[in-house]
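Protein chains in written order, with the working numbering: chain U, 1 to 156; chain G, 1 to 156; chain Y, 1 to 156.
Think of the hints as simulated: they come from the structure by calculation, not from any bench. Honestly, I wouldn't trust all of these hints.
Note: identical chains are not told apart, hence a pair may lie in one copy or across any two.
SDA-like, lysine to any residue: derived pairs with alpha carbons at most 25 Å apart [as the list claims (entries may be wrong)]:
1) Lys111 x Arg89
2) Lys111 x Asp84
3) Lys111 x Asp86
4) Lys111 x Ser60
5) Lys111 x Pro21
6) Lys111 x Val45
7) Lys111 x Gly3
8) Lys111 x Leu142
9) Lys111 x Val27
10) Lys111 x Arg7
11) Lys111 x Asp155
12) Lys111 x Leu154
13) Lys111 x Arg8
14) Lys111 x Gly34
15) Lys111 x Asn25
16) Lys111 x Ala24
17) Lys111 x Leu14
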Amino acid sequence: MTGLVDRRLADLGLVLPEAVPPVANYVPFVTSRGMVFVSGQLPLVDGRPAFVGKLGDGVSLADGQAAARLCAINAIAQLRAACDGDLDRVRRIVRLGGFVACVAAFTDHPKVINGASDLMVEVFGDAGRHARAAVGCPSLPLDAPVEMDLIAELDG
Amino acid sequence: MTGLVDRRLADLGLVLPEAVPPVANYVPFVTSRGMVFVSGQLPLVDGRPAFVGKLGDGVSLADGQAAARLCAINAIAQLRAACDGDLDRVRRIVRLGGFVACVAAFTDHPKVINGASDLMVEVFGDAGRHARAAVGCPSLPLDAPVEMDLIAELDG
Amino acid sequence: MTGLVDRRLADLGLVLPEAVPPVANYVPFVTSRGMVFVSGQLPLVDGRPAFVGKLGDGVSLADGQAAARLCAINAIAQLRAACDGDLDRVRRIVRLGGFVACVAAFTDHPKVINGASDLMVEVFGDAGRHARAAVGCPSLPLDAPVEMDLIAELDG
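Taking the hints into account, I'd like the entire structure generated from these sequences.
Structural data, given as structure tokens:
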């Protein structure tokens with residue numbers, strides 16, 4: 001027996017990683033009053049950044065979008081842990097915060113963060129449609145090009 | 001019959017625009033457990049940025065404040081949509097996130113974001129008094145000088 | 001009679017300042033549906049920045065961490081006001097937003113914000129373990145090297 005969201009992940013050919021431990025002294029998510037607050041996720045694969053650098057200075061739009069998608073995959077892995085493994089308990093992806101490491105001349109932050117937003121809708125359907133802010137940063141932890149945090153509502 | 005907040009808007013000579021559609025694949029607001037999360041708003045008029053550039057590099061403090069005020073007007077338009085047209089259902093503007101595109105030497109982010117904060121209090125009175133964070137960014141979507149997101153509590 | 005958290009503060013030799021008034025037209029915290037949203041806090045002592053400048057350009061990692069700790073102390077002072085003086089009413093530090101003023105080459109944002117995260121756990125114990133995002137900014141209000149906002153859940 002697998003849930004609806006698990007089947008969508010399988011249809012997309014996505015295997016969620018183990019939830020990535022935080023890179024410092026905090027926890028990867030907190031559940032409070034039916035809401036899950038997921039810590040800022042980086043485009044890590046097996047604990048290492050799969051992308052480094054900045055948009056507008058060496059990182060292409062396509063790579064930025066792939067990095068954002070990786071952040072989203074890691075965030076969904078955290079959500080799965082927050083739901084004790086049952087992603088069908090996610091009632092709504094409420095808000096996504098997208099941070100793009102970029103130069104001052106870069107203006108396509110929304111296109112970068114679409115790499116994360118699109119995945120949320122692919123995986124959760126209408127429940128994946130979220131509010132969002134996308135902004136630029138001079139740099140991000142581990143020289144990542146993208147960081148993403150998330151608020152979701154759980155069932156019950 | 002118009003509501004109290006609608007009368008305040010009229011007294012201020014403010015006509016809310018239609019809620020601005022998002023510039024990418026997400027929704028302009030999500031309501032969850034009595035809270036509205038409004039996506040990052042830009043200083044758009046009729047779908048185009050009314051201001052572009054950065055504080056400390058061509059955009060004056062007065063223009064930054066006007067841009068922040070426009071972001072706030074667009075956020076209130078989203079709130080109106082979230083309330084099915086009845087802004088009196090806004091119990092409290094809870095938190096405003098203000099992002100200012102600026103050079104490294106700029107330090108007056110609070111004064112810029114006051115353009116948004118002042119409007120919230122003018123429109124909602126005491127219910128418009130909010131928590132806030134104001135920070136700098138190297139750049140923002142569409143080269144906007146200001147972006148603002150918002151969390152509000154609804155009645156009921 | 002003092003509370004558990006007050007005793008921890010005393011054990012740490014920490015005297016909370018009076019809650020710092022905001023530097024602009026907003027309020028230092030809003031309580032909504034059992035959650036406290038604390039405005040962005042700066043490393044102020046007696047109303048003046050104890051640190052100024054940027055990480056990677058004159059501010060050391062140790063000073064950045066001390067600045068983050070000061071932001072956290074000021075945030076706890078705001079929380080105390082939100083709890084009418086009884087910090088034992090804080091059920092959980094839910095989320096901490098850490099903004100680091102830095103140059104583009106800086107990548108140790110997590111280590112800086114640990115100055116705040118570590119204090120939260122020292123003061124609140126397990127209830128102080130929070131979700132978190134740490135990002136870079138080209139500049140922050142008053143030329144502060146760190147700004148921190150916070151969401152907490154209250155009892156009841």
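The hints, checked one at a time:
| no. | hint | verdict |
| --- | --- | --- |
| 1 | Lys111 x Arg89 | neither (29 Å within a copy, 34 Å between copies) |
| 2 | Lys111 x Asp84 | neither (32 Å within a copy, 30 Å between copies) |
| 3 | Lys111 x Asp86 | neither (30 Å within a copy, 33 Å between copies) |
| 4 | Lys111 x Ser60 | within (11 Å within a copy, 28 Å between copies) |
| 5 | Lys111 x Pro21 | between (28 Å within a copy, 15 Å between copies) |
| 6 | Lys111 x Val45 | both (22 Å within a copy, 21 Å between copies) |
| 7 | Lys111 x Gly3 | neither (30 Å within a copy, 38 Å between copies) |
| 8 | Lys111 x Leu142 | both (22 Å within a copy, 11 Å between copies) |
| 9 | Lys111 x Val27 | between (29 Å within a copy, 15 Å between copies) |
| 10 | Lys111 x Arg7 | neither (27 Å within a copy, 38 Å between copies) |
| 11 | Lys111 x Asp155 | neither (31 Å within a copy, 35 Å between copies) |
| 12 | Lys111 x Leu154 | neither (28 Å within a copy, 31 Å between copies) |
| 13 | Lys111 x Arg8 | within (24 Å within a copy, 37 Å between copies) |
| 14 | Lys111 x Gly34 | neither (31 Å within a copy, 30 Å between copies) |
| 15 | Lys111 x Asn25 | between (32 Å within a copy, 9 Å between copies) |
| 16 | Lys111 x Ala24 | between (29 Å within a copy, 7 Å between copies) |
| 17 | Lys111 x Leu14 | within (22 Å within a copy, 32 Å between copies) |
Comparing the model with each numbered hint stated earlier shows that hints 1, 2, 3, 7, 10, 11, 12 and 14 do not hold.
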